Amino acid sequence: MTSTGHHVVYKTNYPLGSTLPVLLLVNCALQASAFYSSGARASCPDFRDYTALHWGITLGRDEPRYLVTQDIDGLADRVVNAVTAFYIALVTRRALCLLPADAKQPPLEVAFDAPFVDWACPGAYWKGAGSEFLHLTREDGDFHSPRAKLYRDFVLGDIRNLKGNNVTTWHIAIQRGLSVAIFHNLAHAPELRQLGLRPDTAFGCALAYLMRPNRKTLWLVPRPLLAVMTDESFMKIGLQLRTGDKVIRSGHNANASSGSISDATFTRIAEPFFRCAQALEDDLVRLTGVSRERVLWYLMTDSVAVRLRALERYGPAKLLVFNATKIELFTHVSAEGFRFLVMEHWLLQQAHYHIITERSGLGRTAAFASLRDNNVFTLNLQQNNFADDLQPGEGVSTRRMSGAVACMTMTGCGRSMRSGQG
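Numbering (this note's numbering), first residue to last: 18 to 439.
No lab work stands behind these hints, which were simulated from the structure alone.
Small disclaimer: the values here were computed from a predicted structure and weren't measured.
Among the hints, a few may not be true.
Calculated lysine-lysine pairs in the DSS-like style (CA-CA distance at most 27 Å, straight line) [unchecked claim]:
| hint | residue 1 | residue 2 |
| --- | --- | --- |
| 1 | Lys121 | Lys233 |
| 2 | Lys180 | Lys166 |
| 3 | Lys144 | Lys180 |
| 4 | Lys144 | Lys121 |
Use the sequences and the hints to build the structure in full.
In structure tokens:
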């Protein structure tokens, strides 16, 4: 790995190494070049030893030891699960397999390349003759609750000594983020810190190592939008507004080419995010000297109506959106829809600051994956019940929020700390 300024370029000589030469051969050189040059913002290890271990196992040179994980939920949960599984595989010296939960779920490789290790595990060689399985499922609590078995097994104890560690294959189902909590584990934190990892970079570094949007996914985004989102001379504020699953289930304006939402409803559920962005922009202009023309906002939302109204109000010169995206519930995601979501999520990662819905994994994982320090602001807006309060002709609505919703800007307090998730 080499570092140039704010950018990190990964290099490897192992099988299935960097996909950059392949991408440059196709007719999307702009997308490929922009993607790789944007790179990571913090220093990341190259995980060279793990790469060698993975290929040694999967090519049959070393003792077969696998960690297999399958997650049935949406993109955010799947990448959180992938990062958690990676760190368990890393400390227990196992090859990692990230598989779809069932035939209806698009596999990750539909939208992602695996630049260093082939976590798709083709051929199901981890199911070889004589394989022993340990099905490790933990759904009680999280990694930050001392009363939870998750905490006792993965934070207080040595993961290598878990019962069944000698079996060929661990099959795990853990929908919780370990990348922060593992640094409280006295048995494993020193190894991770020696690699150069920190609690605030472990998630983004693992995700950058494991997967990157493939060329089919990169080709989806319009070139002007990709150029601006990967241009570091523009200061970008990413906004992620999640209205909730009920709106998507109802089909209300899910993928309509047009939608409507009243001014009152927009003010209640969306305006706080834009007030926050404006306050943050004001601080950036005042404290850093950047011109307003070089500060842009990027909006990701599961409501077409909110997106259209925001464009009407703020205009395309200030507000950037990925209009081609598809809004699908995680239980019925098409391969094409999954690629669109991955691309939109990756575009959000390119922002310098993130204003996100507090109870939303998509926004938080994108912010963590950006590898930018101290850049996350959260708004705790009620969601998932929006469809209960729909008014005729309105895209979404919600119960009135109690009290003022404030954005804690650079000169205030309340900035979201990079802990507790991921």
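Now for the hints, and whether the structure bears them out:
1. Lys121 <-> Lys233: holds (20 Å)
2. Lys180 <-> Lys166: holds (13 Å)
3. Lys144 <-> Lys180: holds (20 Å)
4. Lys144 <-> Lys121: holds (21 Å)
Every hint from the earlier list agrees with this structure, and none is contradicted.
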